[in-house]
Amino acid sequence: MRVAHKIGLTLVAASVITIYGCGKKEEPKQAAVAPAPAAAQAEQPVTVKIGSAGPLTGEIAHLGKDNDNGVHLAIDQANEKNIKIGGKPVKFEVMSEDDQADPKLGPTIAQKLVDAKVAGVVGHLNSGVTIPASAVYHQAGIPMISGSATNPQLTEQGFNNIFRVVGRDDQQGPAVAQYLEAMKVKKVAIADDATAYGAGLADEVEKTLKAAGVKIVAREKTSDKATDFKAILTKIKGRAPDAIFYGGMDATGGPMLKQARELGVKAVFGFGDGACTETMNKLAGEKNAHGFICSQAGLPVQAASKSFLDAYKAKYNVDPIIYAPFTYDAANLLIAAMEKADSTDPAKYLPALQSISYDGATGHIEFDSKGDRKNAEITIFTMKDGKLAPVAVVKGGKSIKFDDYMKEAATAAPAAAPAMAPAAAPAMAPAETKK
Amino acid sequence: MDTFIQQLVNGITLGSVYAIVALGYTMVYGIIQLINFAHGDVVMIGAMVAYSVIAVLAGSGMALPPLAILAIATLCAVPVCMAVGYTLERVAYRPLRNAPRLAPLITAIGLSIILQNVALIIWSRNPLAYPQIVETVTYRLTPNPDGATITNVQVGIVGLSILMMAGLLLLVYRTKLGIAMRAVAQNPQVAGLMGIDINRVISMTFMIGAALASVAGVMDGSYYGIAHYQMGFLLGLKAFSAAVLGGIGNLGGAMLGGLLMGIIEALGAGYVGELTNLCHLSGWSDALAQRCANDPHLAVFGSNYQDVFAFVVLILVLVFRPSGLLGERVSDRA
Amino acid sequence: MRSYLDVRGRPALAWVGVALVAAALVALPWVLAGIGTAWVRITNLAILYCFLALGLNIVVGFAGLLDLGYIAFYGVGAYVYALLASPHFGIHLPFWAILPLGAALACVFGVLLGTPTLKLRGDYLAIVTLGFGEIVRIFLNNLSSPFNLTNGPQGITLIDPFRIGDFSFATTQQVLGNTLSSPIKYYYFLLAVLLVVIVVNLRLQNSRIGRAWEAIREDEIAARAMGINTRNMKLLAFAMGASFGGVAGGMFSAMQGFISPESFVLVESIMVLSMVVLGGMGNVFGVVIGALLLSYVPEVLRYTVGPAQKAVFGRTLIDPEVFRMLLFGLALVLMMLFRPAGILPSAVRKRELQRRTDGG
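Residue numbers (the numbering used here), protein chains in the order written: chain A, 1 to 435; chain B, 1001 to 1334; chain C, 2001 to 2360.
Treat each hint with caution, since some may be false.
With a cut-off of at most 25 Å between alpha-carbon atoms, the simulated DSS-like pairs for lysine-lysine come out as follows [what the hints assert, rightly or not]:
id, chain 1, residue 1, chain 2, residue 2
1, A, K81, A, K348
2, A, K84, A, K348
3, A, K207, A, K266
4, C, K2310, A, K65
5, A, K313, C, K2310
6, A, K210, A, K187
7, A, K401, A, K210
8, A, K315, C, K2310
9, A, K187, A, K207
Short, incomplete list of chain C residues facing chain B, as computed with Cβ under 7 Å [as the list claims (entries may be wrong)]:
id, residue
10, I2135
11, I2138
12, N2142
13, L2337
14, P2340
Here are the in silico distance ranges between beta carbons for each label pair [to be verified]:
id, chain 1, residue 1, chain 2, residue 2, range
15, A, K225, B, P1065, 29 to 39 Å
16, A, T47, C, T2172, 49 to 59 Å
17, C, F2147, B, Q1186, 46 to 56 Å
Simulated from the structure, these hints should not be mistaken for lab results. Fair warning: this is a prediction, and the values are worked out from it, not measured in the lab. No residue lacks a Cβ here, since even glycine has one placed at the ideal position from N, Cα and C.
Working from the sequences, and respecting the hints, build out all of it.
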């Protein structure tokens, strides 16, 4: 009881500092440390907590850690800039929480962050966790930006404080489809792994291709734990498609590609971002992997701003995996909105966040009324001799060759010129389940 | 027709793996009337150990022929799995042989969880890509250049399975150990009185089953090119269903059941979509016809139910013919 | 502890004991909320697991039937609630109407599963229920075509919270100067239901039905000879266990506001089974303790295993999550080998398991 009471008091104290510290109230402690005359200069900074939620343990901990790194990097950089909000210097602090990618833990972790009175949250990683958690943030009125939850349902709930900087499954799907269409394929077979991510993606690809008049010759489903794809591949082979799209992760996409080539299937393979990794070389064999195409939401890691890449590499000594640039942007968005509104009070800076226009590591960011990213770019890659190379950027329904896009970007904004090194493609770890 | 033949080839290859795993279930069941719940995970351990050995040998720069590497890997996996099988029996089954039925089942589930998580710690959560050391050679089965094919790996798997089944039959029906096993299966008390060391025979049974499982693990891993710490779970369940289909406790039944299960799965996944396609009924309803115009693949069931077939077969067999196809004993009702 | 709560034996002392426990239970959420409202949510999940464990205990503990697909009934209950109280079909029935429906449907599923399999031996039953659990999950995951029933892997969002008139369980209110947050409201609701469930279980255990189950568990042939309709009794156990699961699922749905098939996987079934085994099969209070224990273990591990390894090895070698699964596995094995009647053995079960392991 006593202990609980103490902790409670500490929390209250912390929250007073966090929330009201920036307002009119003078902290007695501050006064003691920095006596009146010098107060304006040497004022004790106000601590603002930013939550970072994702799986730090369990099946996809490596992706969760990557996301968390992105947030930490953004916050460290912001702290170096000595930002002032409401006339007071502000020190940002990251509060990282582990949701274990477990849907039933989503609300609990969200509650922990709400209890700690964070000013905003970057997370979560999986859609399955993010959706139940978002209700808790909505109740508390705390803005949440996910850098990786792609399930369309997240922003269809009508919560005005829930955002994402990554493209939705139904934005990414059309992009791959458009690229396939541009390749002049006539007959396409589509398969997915019956997860929210895979099925969502495959359904959108199907829709877009159908609208473009491409014939869908087969629509198959497997599971994310399956290893035997020969049955469905044999069926697909019988329909002789020009291309096969698979919505799923590399753990199943790789073996599927291998088994397809063993069966003598010659069609071009297309994948979403879950299988857009170099692990595919190992799982499918380098020879089989050569030539498949895949998409990634947003600009690719190597096309993310060079300054971000360098800073990330310098701080963590590894390359970002997939979503770190997105969580980095998400954290920066929160800070930018606070600066714009000149307040760290969620209720006050939320409107600023809704109407923000920001150039981040993953390109230009604006939100639509649902909280989705407007006009998100999607990049198409191809596997070339064991390396992923970007071939095109799809934006606003148009497919632009990657080289042309880069030239355009270089002339438009030389300062934020993306790294021109496809060879430095990300060393992507395989991810089994996610989103 | 090409598609059908190809599905049969796929099914028979898969079925051969099931058959080998099913043998392990059936042997243990035959002798102590218990299901070895952790058997699927023994398969996984076999695949994992072999993976490590292959990775080391293939990466060492020694110019060993691929088949030699595979053989060495299998020879390393077999003793490890036999040790695991022995431990399973000692820890989960022997101390509880006279306890209520529930007890050894629960212990075995516990051991299955432990095996999976130990494998996770050793080999990580990521799916392991089996190094492709054997160059795949494809043979055409029909004159059609795009028609049904069979690969050397598939031929190898089916051939090896047949050899192992033959070896097992010889062991059970032609050796002293085999006689002892059959005696214990019939009546352990009387067998004990006849001077048979029951504990030793039961241990041997577990170890033989585990050895078969390890080979199945290597076959599965090199066929699909992937190994994962949870791969044993579904494989084990399906193999068990295969054993029940064939008649649990019956060696021939396990082989037949395994093959059938593989074929059912391949044909099921390949054809269920067409069989349950609602668009055949378009004449009955205009609304349906409209949906079908837009989506000709509108089916009640699709390949997404591939994993369900095994369970459905299991339940059907248990309801209509609990003794399985070849089993004589009616499952007792205790 | 129970002797202190034995009202008939020592009335005065017992009533004091009951009052103290009651007061503690009522005060608990406020204390927890003092540390952090998140702990109230964790406690709510723990109570939910108590329901599940008590339901499974009827099947495994009372009747001696090993059910490895128990989470399927939980899933059925959860989906019934979600479908009848969400914008998915635009139906918004009140919770007191849906919970019984969910229980009834789960019960039907229990009977459906039980009818063909109950005449089989225990280990067949275990594996068939395991398969059944997977089938239900696969169906939930794929029933989005040709008719969109479950919305497939995307799950169902915006599920209604419990609501009585204008009193919603999802919002925060000021009551007598205190902040009554959503988790605290659910806590009191869950606690009330838990008490009812415990009483029902205790009464059930000592009823004719309970004794019939016990007889079947001990010796089915003898039980049948005594005139017990073993098939019906087993079906009843299955159906009752399933309906508890169904109710728990409905509550989960409402508390969570979003469900998808990934919440109803085999690991959950195994976790509930571990709770029952750890607490002592057939022992109502033991099972509750087992459920609470295993629900808090992950939280405890998170603050101990990771940091402890960091301190000793400098990095995390074994994830707390893996460690937890290892503990579950070990718990199942060690409990069966050394303390088959659980941490709080029920008297009868203890005697019985003792005799069996000794004598044979």
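Verification of the supplied hints:
1. Between K81 (chain A) and K348 (chain A), the direct Cα distance comes to roughly 22 Å. Compliance with the 25 Å bound is thereby established for this hinted pair.
2. At roughly 16 Å between alpha-carbon atoms, K84 (chain A) and K348 (chain A) fall within 25 Å of each other, so this suggested pair holds.
3. A C-alpha spacing of about 24 Å is found between K207 (chain A) and K266 (chain A), which places the hinted pair at or below 25 Å, so the restraint holds.
4. For the hint pairing K2310 (chain C) with K65 (chain A), the CA-to-CA distance comes to about 16 Å; that is within 25 Å, so the pair holds.
5. Restraint check: the Cα-Cα separation between K313 (chain A) and K2310 (chain C) comes to about 24 Å, which is no more than 25 Å; the hinted pair holds.
6. With a C-alpha separation of about 10 Å, the suggested pairing of K210 (chain A) with K187 (chain A) holds against the 25 Å cut-off.
7. Pair hint K401 (chain A) plus K210 (chain A) holds up; C-alpha atoms about 24 Å apart against a cutoff of 25 Å.
8. In summary, the hint linking K315 (chain A) to K2310 (chain C) is supported, as the alpha carbons are separated by about 21 Å, within the 25 Å threshold.
9. Proximity of K187 (chain A) to K207 (chain A) is assessed by CA-CA distance (about 14 Å); at most 25 Å being required, the pair is judged to hold.
10. Look at I2135 (chain C): its Cβ gets to within about 5 Å of chain B, closer than 7 Å, so that hint holds up.
11. Annotation: I2138 (chain C) was flagged as interfacial toward chain B, and the flag holds, the nearest CB pair being 6 Å apart, inside 7 Å.
12. Using the Cβ-Cβ criterion of 7 Å, the hint placing N2142 (chain C) at the interface with chain B is satisfied: the shortest such distance is roughly 5 Å.
13. A hinted interface residue such as L2337 (chain C) counts as satisfied when its beta carbon comes closer than 7 Å to some beta carbon of chain B; here the least separation is about 6 Å, so the hint holds.
14. A distance limit of 7 Å between C-beta atoms decides the matter here; for P2340 (chain C) the minimum to chain B is near 6 Å, and the interface restraint holds.
15. At roughly 34 Å, the beta carbons of K225 (chain A) and P1065 (chain B) sit within the given window of 29 to 39 Å.
16. Distance hint check: the CB atoms of T47 (chain A) and T2172 (chain C) are about 25 Å apart, inconsistent with the given range 49 to 59 Å.
17. Look at F2147 (chain C) against Q1186 (chain B): about 53 Å separates their beta carbons, and that is inside 46 to 56 Å.
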